[in-house]
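*Asks:* Starting from the structure of chain W, add chain P where the hints point.
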Amino acid sequence: MEPTDALLVARLAAGDDHALAEIFDRLAPAVYSAALRVLGDGSGAQDVVQDVFVELWSHPDRYDLAAGTLRTYLMVLARHRAVDRVRSELRRIARQERHHRLTPTERPLSPSDQVAAGEAADVVRAAVRLLPDGQRRVVELAYFQGLSYREVALAAGIPEGTAKSRLRLALAKLETVLDRQLLETS
Amino acid sequence: MSADTPQPVVLPEGLRERVLAASWQARTAGHTVPQVAEMPPAEAFSRAADAFYGLLCALAERDWRLPVLRDLDVQGLVGHLIGVEEDVHRCLAGDPDVADADHVGSTQLAAVRQAGRAPDQTRADWRRAADRTLELVQTAADPRAEMAVHGIRLPLGALLIARAFELWTHENDILRAVGMPASVPDASMLRLMTELAAGLLPHAATRTGVPGPLSVRLVLTGPGGGTWDVAIGGGPSDPVAVGIVTDVVGFCRLVANRATPAELDLYVTGDRGQAEGVLAAAAALALD
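Taken in order, these protein sequences are the chains called W and P.
Just so we're on the same page, my numbering is the position in the first sequence counted from 1, plus 286.
Just so we're on the same page, my numbering is the position in the second sequence counted from 1, plus 6.
Treat the hints as calculated values from the structure; they're not laboratory data.
C-beta atoms are modelled at their ideal positions from N, C-alpha and C, and glycine is treated no differently.
Take the hints with a grain of salt, since some may be wrong.
Residues from chain P that keep clear of chain W, each with C-beta distances beyond 12 Å, as calculated [what the hints assert, rightly or not]: (1) P14; (2) E92; (3) A151.
Per the computed footprint, the stretches of chain P lying under chain W, defined by three or more beta-carbons under 8 Å from a beta-carbon of chain W, are [what the hints assert, rightly or not]: (4) 20-33; (5) 215-227.
Partial pick of chain W residues on the chain P-facing surface, computed with a CB cut under 8 Å [claimed, not checked]: (6) A299; (7) G301; (8) A307; (9) F310; (10) P315; (11) S319; (12) F339; (13) W343; (14) S344; (15) H345; (16) P346.
Isolated chain W (complex conformation):
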């Protein structure tokens, strides 16, 4: 008889390391796939798998049985962690691009940095294409061209406050789009 999610999580809380190994063997492939779909990068997906299982082991009490199955919980956690990594990576790209514009003599991105950044960006670019025009424009300006809020506002011909709120909305939708992509393929 397979142990229930409730039993597995109760065992985790009781300090039963065998329970974590059982959950890993059962659900790690799904967690890895979920991360891989967002990131398109095996190395990043492995980091997400580690984050997810360390989180489960450290805080089993954060899993709410009433909210869904353990599988769903872990996949949602993986998706959030993966999206966070993409966002973080995009911010890093934007920062670097801005920096290079300002200091053109400095050393350019290494080939491996460019590949990693490119893989992450490709996944998000596909999702960005699904955004409404106004929101897509601010995301492209802010993240792919590395403009500041003020520069985005000038380039788009909108007030700075509007640029900020559109970007916030766009990021929220971006996450939803990535979520939907994940759920459709999981």
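*Replies:* Relative to chain W, chain P alone:
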């Protein structure tokens, strides 16, 4: 396989080991969530005594005549506990005669003596006896010294936990007799009780004839529970052959011989027969 069927994902080599190692680093295996506050054994006994005394104070006069355990009514059961405390006093004073005295037989006189007395006299006698135990414990020359009473040999701290366990058990006997809901000790108390029971389980299993060597993973769920690898007739490094998972309070009732394995919500892996033997051994820990 059809073209629509997703290919099974193959995890990268070494990922499992890496993830599990990072997890154990974040929280050591065996540590519970949430962590349970530690409680000194004397505090556990004191709290159990207070809870028991609180119940005695809440009883109506007619409740003292209700049959509760063996041939004892509530008053007789309290008398039995006065007798136990008196034997513990003798034990703490170094009297070897109580080392192997029978738990029920040696206290029968104290139980019978209560018949016809006013309940508040019995209650006051019991409170004095429990308080005396605490006084003697506080002045004990060596708190780590092994104590021997009623066939059990335990360090003083463990003996106090066993006494707290017994008080909780009989508190619940009385609650059941008067039709009140069962009480559950707090997590710190349960943790002490389960630590004691898990520690004594190998001896009980050997005594009741569980064939060894056998390595058992005992997982008690809920606040105050935990995880133990119990080695029966072998070394602690033997691979786990039997896994038993159950609720911590249910397990304590089993150890008190107040619940049967069939009444527990059990999850067993490995040989079912061996697991039943281990559970029977746990129930044999009860003194009654």
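*Asks:* Give me the numbers of the hints this structure contradicts, sorted from smallest to largest.
*Replies:* Of the numbered hints, just 1 does not hold.
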